[in-house]
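Grab the two chains, each in its own frame, and use the hints to assemble them into the complex.
Below, each chain spelled out in residue letters.
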Amino acid sequence: MTIALKKLSLTVNGKAVDPVDVPDTMMMQDFLYEYLNLTGARMGCGQGICHACTVIVENDDGTLAEMRTCITGAHWFEGRKVRTIEGHAKRDASGAITQLSPVQQAFIEHFSFQCGYCTPGFVTGATVLLDELKRQPVARADLERAISEALDKHICRCTGYVRYYEAVRDVILNTPGLIKA
Amino acid sequence: MNKRTVLWTAIVLALLALLVLGCVFFGLFEKSVVAKDVDQPLSPEQMKTLAVRGAYVAVAADCYACHTAKGGAPWAGGLPFTTPFGTIYATNISPDKEHGIGNWTRAEFHRAVRDGVGKGDTHLYPAMPYASYRLMTAEDVDAVYAYLMSRPPMKVANKPNDLNFPFNIRRVLTFWNLVNLPADMPPLDAARLEIWNRGRYVVDALGHCGECHTPRNIMQGMKASEYLKGAVLEGVVAPDITKDGLARMGFDPVLLPAFMKSGISAQGAMTNQMFEVVHFSTQYMTGEDLAALSAYLFDLDKLPDKPASPTQPKPVAVAPELATAARGNYLALCSGCHGIEGQGIPHVVVPLSTNASLRLASARNLIHTVLNGIPGQHFPGLERMQPMPGFKDQLDDRQVADLANWLRAEWGGETPSAKAEDVAAIRRDE
Numbered sequence: 165m166t167i168a169l170k171k172l173s174l175t176v177n178g179k180a181v182d183p184v185d186v187p188d189t190m191m192m193q194d195f196l197y198e199y200l201n202l203t204g205a206r207m208g209c210g211q212g213i214c215h216a217c218t219v220i221v222e223n224d225d226g227t228l229a230e231m232r233t234c235i236t237g238a239h240w241f242e243g244r245k246v247r248t249i250e251g252h253a254k255r256d257a258s259g260a261i262t263q264l265s266p267v268q269q270a271f272i273e274h275f276s277f278q279c280g281y282c283t284p285g286f287v288t289g290a291t292v293l294l295d296e297l298k299r300q301p302v303a304r305a306d307l308e309r310a311i312s313e314a315l316d317k318h319i320c321r322c323t324g325y326v327r328y329y330e331a332v333r334d335v336i337l338n339t340p341g342l343i344k345a
Numbered sequence: 028m029n030k031r032t033v034l035w036t037a038i039v040l041a042l043l044a045l046l047v048l049g050c051v052f053f054g055l056f057e058k059s060v061v062a063k064d065v066d067q068p069l070s071p072e073q074m075k076t077l078a079v080r081g082a083y084v085a086v087a088a089d090c091y092a093c094h095t096a097k098g099g100a101p102w103a104g105g106l107p108f109t110t111p112f113g114t115i116y117a118t119n120i121s122p123d124k125e126h127g128i129g130n131w132t133r134a135e136f137h138r139a140v141r142d143g144v145g146k147g148d149t150h151l152y153p154a155m156p157y158a159s160y161r162l163m164t165a166e167d168v169d170a171v172y173a174y175l176m177s178r179p180p181m182k183v184a185n186k187p188n189d190l191n192f193p194f195n196i197r198r199v200l201t202f203w204n205l206v207n208l209p210a211d212m213p214p215l216d217a218a219r220l221e222i223w224n225r226g227r228y229v230v231d232a233l234g235h236c237g238e239c240h241t242p243r244n245i246m247q248g249m250k251a252s253e254y255l256k257g258a259v260l261e262g263v264v265a266p267d268i269t270k271d272g273l274a275r276m277g278f279d280p281v282l283l284p285a286f287m288k289s290g291i292s293a294q295g296a297m298t299n300q301m302f303e304v305v306h307f308s309t310q311y312m313t314g315e316d317l318a319a320l321s322a323y324l325f326d327l328d329k330l331p332d333k334p335a336s337p338t339q340p341k342p343v344a345v346a347p348e349l350a351t352a353a354r355g356n357y358l359a360l361c362s363g364c365h366g367i368e369g370q371g372i373p374h375v376v377v378p379l380s381t382n383a384s385l386r387l388a389s390a391r392n393l394i395h396t397v398l399n400g401i402p403g404q405h406f407p408g409l410e411r412m413q414p415m416p417g418f419k420d421q422l423d424d425r426q427v428a429d430l431a432n433w434l435r436a437e438w439g440g441e442t443p444s445a446k447a448e449d450v451a452a453i454r455r456d457e
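Here the protein sequences come in this chain order: R and V.
Numbering of the first sequence is given in this note's numbering, commencing with residue 165 and proceeding in unit increments.
Numbering of the second sequence is given in this note's numbering, commencing with residue 28 and proceeding in unit increments.
Hints listed in this document are in silico derivations from the structure and should not be mistaken for laboratory results.
No false leads were slipped in.
Derived pair list, reagent style DSSO-like, types lysine-lysine, alpha-carbon separation capped at 30 Å:
no.: 1; chain 1: V; residue 1: K419; chain 2: R; residue 2: K171
no.: 2; chain 1: V; residue 1: K341; chain 2: R; residue 2: K170
no.: 3; chain 1: V; residue 1: K97; chain 2: V; residue 2: K186
no.: 4; chain 1: V; residue 1: K419; chain 2: R; residue 2: K170
no.: 5; chain 1: R; residue 1: K245; chain 2: R; residue 2: K179
no.: 6; chain 1: R; residue 1: K317; chain 2: V; residue 2: K97
no.: 7; chain 1: R; residue 1: K317; chain 2: V; residue 2: K419
no.: 8; chain 1: V; residue 1: K419; chain 2: R; residue 2: K245
no.: 9; chain 1: R; residue 1: K298; chain 2: V; residue 2: K419
no.: 10; chain 1: R; residue 1: K170; chain 2: V; residue 2: K446
Bound conformation, chain V alone (with noise of 0.2 Å):
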């Protein structure tokens, strides 16, 4: 081969390459989930009908919760998403015929829903979790739509994103398409019930469990093979949610349902961003649907009558100059509201012999409360829970880690594994 024909060649294919890359970009691979007949309009009757469902699966997918910004307008958006690539604002979904999506057909939210694209060809981020919402029935979608669109119109401006290049650029989103979004909901499970079914639908679809579950690839896609198996989430651990990450923690098929509903159990109050989730979308959620959610990740398909009697993890045994420090420093600043033997006060402060936190694989959950606290929270029913505060001022980074080994080994059976750069790479909030 002669220099001329190896630079025709490296001419050509890279043509070819960037023709490929230019279908990907202006969208010729992408596969949308959404079927032909949704092209056809709803009724005014099936829009009166369907709007009464819609409420409830919109409260099951958590729509509220994004789209509405801290005392902001009710489905108005604004509420910020910091990403690595910049901040995104969730948008305004009202039916605002200029600023929501008053002027949006039936069949263009199924495809904003389903497949990520908007109205006009707009690509959504990621940071509205189509990945998820591709699973659920066009029924469903419809429900919400119809929902969505009996609101009263709110007139918000949408804030601009704020996002770097290339992210900036919406089309690029055709690339993380092609290579993280799913295929359609797999079909019915004929080999299980129809609670187990259910179940499935309910995490993947519409609770969108995953999205903070499920460990995410270099592309920040989900990566299916670590599917609901725990991954880090603003400086605190989404913990693995799958039968054996759930039986760690101390849950069991029956309480988690009760904890998802009340959003406190003997193992812990929720916080962060599960305290959102149970405030605006599980404490709704029917039995029946919050059977289901603990059939499936429990993999069962009939839930056990009653609760088995909770283990208690074997302590392990620290060194004995470790646990008189830690426990000298648990007596001084923790006991006096979780108790001496961590037994904690109803309605006040959770227990921490039982706690998930001291169960995890990780120390970081209870090192960063530790360091940081907790704001108190109002739950459903008038429960609640006391603020608490943070220690980071009162306990060196040694001293929060002894406490930490010295909580997991002594109640939750766990080998110390926490150092003292752990601590502090966690104040520094890394």
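In isolation and in its complexed conformation, chain R is listed as follows (with noise of 0.2 Å):
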């Protein structure tokens, strides 16, 4: 079997990446991997299942999109824009980073890991739900049903979950307009 190669460009974490050869058959986690030597997406299970290797997806129209890695060909990516987890936190000029994501930070202070294989993935699905909350605010009433709605498909073998849902409450509950008045 010969390998076909396709011309493969997009953004990723907000730098153009030029015209690359990409094999027509390769998936995303593959490309991030072996072509940009972005390693935070996560290999778990390699079935779609749980959810480490997930990158969010900028919409054109500003929402953002959780995308899986692993089941998802590379191609697919072709002129989108492409958050990994390499790209949440503020970085100064020599790339060194400065400032972390509120997400992050929160599952430092809560300890919300502990071996961290599924952290990129966790961070990636609370990142995409502050961003829903943003546009649409949800009840306080309904916030722990919110949090579960989102995180439920990202599994954890480590922690039981319940820091990285203590985390992500604190991050919405101490950022201005998540929840409904």
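Okay, structure coming up:
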């Protein structure tokens, strides 16, 4: 079998990736690892179940979507804007991290993770949830359910989820405008 | 003829017509297939012996699936059925004397199951497949009766049906019964071996396969002329399961019993209502009954020893631009699980290259699945299939149609027929 190559160009973490020849059957996860050296999106199950591999797609209308990279072809991302776990924190000119994102900071403060394998997925999922709540705030009484619905698909084998949930709830309650008055 | 005579004739004819309708309405034309001798109650010893076999007959007839609500008490009914005429709820058939069938006599149970007329001359709705159970033997009905009476009674009240006029009047079923009820089971076909005859009984009476797989006429009765030729049900095709239909999907007389047992095959996994059928019924059927079912559907008197080597349909050529676009979407969104060559992943996801949905005459099931996905399912023997996500937010109607057409042409050998409008209709749940 010969490998058919296809040009792929996209934006990753705010930087344009010039057209590169990528096998037309390659999954996004492999592209991120092998071509861009971005290894933060974790390969877990490889079947789209555990969601450790997710990245954010920044849609043209400003909304964010979560995509699984282990089961989505690299070429699906053609022309799209992608944010991987490496693109959440603020960095200085040299690339050193100067400030973590609110979700990342909260996960650290709450000791949310142990082995950390699932953490990139949880950061991605929680960030997308925060973005949704900015557009559509939720009633305080529905907050637990909203967090549950957003993060249920993410699998964690160490912590029992509680500290992830508490961290996300903290960020939401401390960010103005996410809870309906 | 003067005006007066015409008027009188009309009045007399109208009265006659009313009389006939009245006779039908009050059940004068109803034909019972229940023999008189069931008026004799069964002895406690008979009940005890029969109950053991009744457990199996009830499983083969899949009574539990409908007569137990999701998460509800066993045999206490409550499962809703949405019909064009309104919503019907399955009833409590546990032996509770107040809410269930605890006070029903043997004869009353027979008449309910086989004639569709319950205790107190109350007509059942044909959501209860009495048009099929009518073909059950008196012995099997006795066995189910004895088994149900041996279950713990459940004090759960029946939910009132919510049906439109005139369907809320149960007696109108007399008209339906007159037209749609078959005669008794035809006698054993002496020209066929026992396996075929047993298979006919398993398919037509116990399994009531035709209730879903035979198209329905305008009165919602089974169309005998299109016996088992497939019908659309809850938005998906219950496929043609005649010999030709099964062969078209890639089934083989030896493989079919295994599929009915496990729910998984190279042709795909059981989904929708058939998943429930496997879950509650066919996985527990004996090897003999499953073999008989297959022999009858394939119209054989003996199953071959080995399955025939599978044949792959010849791909149909499609326009290159369609193939490029559809293959691109396949590689982007489908191949991560279903494989670049459509091979699937054992115990995780079904193969597509040999999938029945790609070979059916209609692309409906494939389109429905691409749009809506399939929930994760646990199959017999710790086997399972992971959930499939729906792609209705990622793909537009044209892209789904192209994808379905390309897949079906490439691996199913089907000429492209799906249009964007078809996808739009299925998306609207039509």
